[in-house]
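Protein chains in written order, with UniProt numbering: chain A, 1 to 148; chain B, 1 to 409.
Since the hints were made in silico from the structure, they are not lab data.
Positions of the beta carbon are idealized from the N, C-alpha and C atoms, including for glycine.
Check before you lean on any hint, since a few could be wrong.
Pair ranges (Cβ atoms, derived) [claimed, not checked]: (1) B:Ser354 to A:Asp91: 38 to 48 Å; (2) A:Gly90 to B:Arg142: 53 to 63 Å; (3) A:Asp91 to B:Gly188: 53 to 63 Å; (4) B:Leu294 to A:Arg135: 12 to 22 Å; (5) A:Ala79 to B:Arg212: 53 to 63 Å; (6) B:Gly188 to A:Leu81: 19 to 29 Å; (7) A:Asp115 to B:Ile90: 47 to 57 Å; (8) B:Ile90 to A:Glu92: 35 to 45 Å; (9) A:Glu92 to B:Asp293: 38 to 48 Å; (10) A:Arg52 to B:Ala46: 43 to 53 Å; (11) A:Arg52 to B:Asp293: 22 to 32 Å.
Computed footprint of chain A on chain B; a stretch qualifies when at least three of its residues, placed anywhere within it, have a C-beta under 8 Å from a C-beta of chain A [claimed, not checked]: (12) 287-298; (13) 365-374.
Listed below, chain by chain, are the residues.
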Amino acid sequence: MKPALPAAILIAAMLCPVSQAEDAATWRIVNFWSEWCAPCRKEIPMLNALSRSLEPLGISVVGVNFDEDPRAVTLEIAARLGIAFPTLTGDEVAALNLRPPEAMPTTVILTPANDVAARLVGLQDEEAIMTQLARLGLPIAATSSRQP
Amino acid sequence: MKAKKILVPRMAGVMLGVFGLICPVAAGESGRDAVTPELLASPAPAHSHLSRVTSDDTGTVYLSWVTERDGLAEFAFASWDGSDWSDAAIISEGRDWFVNWADFPRLSVHGDGKLAHWLRRSGSSSYDYDVVASFYDPSRQRWRDGTLINTDGIQAEHGFVAMVPTGPYRTLITWLDGRRTKSEPEPGPMTLRGAEYASTGERLDEWELDSRVCDCCQTAAAMTSRGPIVVYRDRSPHDIRDIAIVRQIEGQWTEPQTVHDDGWQVAGCPVNGPAVAARENTVVVVWFTLRDDLPAVQLAVSRDDGEHFTAPTLIAGADTLGRVDATLLDNGEIIASWLDLRGTDAHVMLSRYSADAEFIDTVAVSPILASRRSGFPRIHSVGNTVYVTWTQVGDANRVKVARVRYDGF
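The following block holds chain B by itself, in its conformation from the complex (with noise of 0.2 Å):
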């Protein structure tokens, strides 16, 4: 399956030039010429959704996602070698799975290794469900048998799950975990974890996080110089739900702070979580606020690691849904994906900034539907090129691809 170029760039013009006039993001105004979105054939079948993509360490790009059909679920992947997928390769399937719009599979791959979670359900209630990851044997060339990553034998949710390779055979794998709040007899409050674990599937060590989080959005985890972060939606005795950072320094993980004192308060669910990209010491977290109901998709750049962060940059404002991810590019600018939603218009952006977080461009990628059943657009680079999926909803829907090349701009 080839490259082929698509409509999107008239669009993007059309985007841009209404952005001009009336949203915060100064789209165009770089004077560089504009970046063109590539629509990728999709490996991905119909009735397809809930993909993601990411890259080995040679930059192989992975594309993953999740079918349904007759009750039954089956997670996918696809690998891309820059001109051809490969055939799709079946992770797992089952019919007792927990498939939701939000919380949705991840597929890591470092090395030869490889390393995929789903969400299984656990109990009669509809959102009692464990998390369950498979690691790859290369020397089998096979998928282990799923590992229970939360061992408390409690039914409740347990889900949003981030990823990363803290060394050679070792991967940190952080989720949501409910365990409290089916105390009684008041419900505690939902707490996020985080575990080591071995390219075997051995677990080598598990903590607590945080003790009291945001119930229902994404966490994000990346690698820094000094060791691995997690990024999440916090939530204070008062409802405060303000993004936070712990890292893990020498073996301990710090105590929980915030990346910035929005002072959103709500009692709900953002269902919006954070994205966060490191590089060295370089991390950049990009994140959806909505204080004094005034939407916000923000970005903040730390130079040491994740322990202090730069006052926020606004990407979107008030047209913006969030639904973000964030990725760095090799030449160490930004790249942060948002949903921008005029009337009922919404559209996967991509917006660019320096290594300082000054402005660059922004480029609307596809149209997409704002609705919950498009899901969370993902994003993933390889050198100067960002890999960017989403969900077409339809009769049928599917999974879209697209790469935006930023070499030489």
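The shape of chain A in the complex, shown without the other chains (with noise of 0.2 Å):
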């Protein structure tokens, strides 16, 4: 079986301290998305199956609707557009104080004290976000959606 992860990833989950998988418990990828962004649609059975993946390790996958529409609409929409991952409420949103994406999708990692430890610009590949984790030291080394 081929490794799920380039070993770019798995060396630099090696290397991180083992301490900081307590910490992942309340890491958040945070995913803005809107319905009208074909990439933002193209990368959600991708998100699924990540928040899936990284359930187990306490990293958590959330949504943000762009739109801001109300929250039965967007409700309505995330149904529609196949999202599984809870969707933020207002509120929620306006809490953790983010930067307006200047580009849809935008994806932000959250550190457990609701920093932006990284900031992914359009659509993204479970590759490219499991980099990110890896180099921000999470333990995530292995876990994938990947099937073999």
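With the hints as a guide, bring both chains together as one complex.
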């Protein structure tokens, strides 16, 4: 079976301090999406899979509807787009105090203290996000949503 | 409704002081007296947004906006004679409109002719919509029935319209046309199209101006001494999304060329189109870019009708959200509008440059919500006065309008 992730990611993960695994409990991957954004729609299946695979590590994937629709509309759109990860409420988004995205989609990795650790603009794949997590010292080496 | 002074100048002073310390735009360093934004009483009612400002040949200013209530969208305008607004006049209304914060109706006024467009849903998908335009009939003093501008008959996205009069009774309309995005088995790219219309609504000609452009950014058009130009965000096969220009010279459209090779590569939707202003052979383009995740609003000038441009001048750096507009004063100076963002505080900014793109000053016009709900502030100049409009977000959104007089400065 091929390794699930590139060697660079595995090495980076191996070098990270074990103690950081505790902090991983509250790291968040915040994905700004919009219904009209084709690249946003394209990365949803990847984010769904990533959400499932990272959940055991306590890293959560959450979504933000960039269009700021009412909550009921947002949930309706999320369901229609097949978004399986939680979508933040307007108040939750406001509490994060994040800079509005300059382009859609934008994915932000937040530390447990809600500091922006990484900001990924445009369509991402799993490898790009996992690489960022590894660079941040999160123990993701054994985790991948990819099937062998 | 009379003009009244507002408290913005005090805020502008604070902003200018802050900028003097940390902003790449050296506001307030010109040695001239500070210009003062003046808030005008808005003719737009509660629940209004998506405003634009334009003028006719006599200098009369027109403010347009959209209101939404109970599912009914209404497109209206009022004119400003220098001291008062006229009563609001309704252009059109509908329950099947596509109303969007970035892609919204436009009013063009030229001579005794008026032309307005809006967007109408064409299918069940949320983002299938057509461009509809109405031509004003001055002899009957009424708006003609809406005309479908994109005639492809494909349920896809059509919008981000720009308009520019090309003659006494002619107007160029350009738009992003998604007819190829519904291709099978693989969706094709968004295209840029243009068509020239007579003031009666007759279509005179139509062209595909670029076969592959960014899907979600506004387009802009202007008239030069050699003909109309269209400025837009391009999209290369490798997702480089820099600003491009096409020009019509003696009836023929040029191949697209970039205004500057920023090299912003992004597989995403910037929703941050460029602005253009032109007078005779001078063309000014203002745009947002984000190469290497570094936000920048830039300005480039052409002295040959858009064939060649100067190297970009940086207007704003890390703390800008873009959402730009541009206009040229009668004295040749350049005004660029952009959004400044510090923490959660955003402001509508006007930066002034000489005809040679030398910085003169920057003024904060108004605080604004950074959220998409505040839309895209728009500017337009008459003589040496700039009119600015934006949306004040609240329980009931409301269009605001101000002017900044550069006479004597």
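At the C-beta level, are A:Glu92 and B:Asp293 separated by a distance inside 38 to 48 Å?
-> violated (25 Å)
Check the following: the C-beta atoms of B:Ile90 and A:Glu92 are separated by a distance inside 35 to 45 Å.
-> holds (39 Å)
Taking 53 to 63 Å as the hint, is the beta-carbon distance of A:Asp91 and B:Gly188 inside that range?
-> Given range 53 to 63 Å: violated, Cβ gap about 41 Å.
Counting residues of the segment 287-298 of chain B whose CB is closer than 8 Å to a CB in chain A, do you get three or more?
-> With 4 residues close enough to chain A, the hint holds.
Within 47 to 57 Å or not, the Cβ separation of A:Asp115 and B:Ile90?
-> holds (50 Å)
8 Å C-beta test of the segment 365-374 of chain B against chain A, three or more residues | holds (count 4)
Using the C-beta atoms of B:Ser354 and A:Asp91, is the stated range 38 to 48 Å upheld?
-> Holds, since B:Ser354 and A:Asp91 (Cβ atoms, about 46 Å apart) stay within the stated range.
Per the hint of 43 to 53 Å, is the separation of the Cβ atoms of A:Arg52 and B:Ala46 within bounds?
-> Once the Cβ atoms are compared, 46 Å apart, the range 43 to 53 Å for B:Ala46 and A:Arg52 holds.
Note whether the CB distance of A:Ala79 and B:Arg212 lies within 53 to 63 Å or breaks it.
-> Taking Cβ atoms as reference, A:Ala79 and B:Arg212 lie about 33 Å apart, which means the hint is violated.
Does the Cβ distance between A:Arg52 and B:Asp293 fall inside 22 to 32 Å?
-> holds (29 Å)
With 19 to 29 Å as the target window, see if B:Gly188 and A:Leu81 comply at their CB atoms.
-> Holds: the Cβ-Cβ distance is about 22 Å, inside 19 to 29 Å.
With respect to the beta-carbon atoms only, verify the hint that A:Gly90 and B:Arg142 lie 53 to 63 Å apart.
-> violated (42 Å)
Hints 2, 3, 5 and 9 from the list above are not met by this structure, while the remaining hints are.
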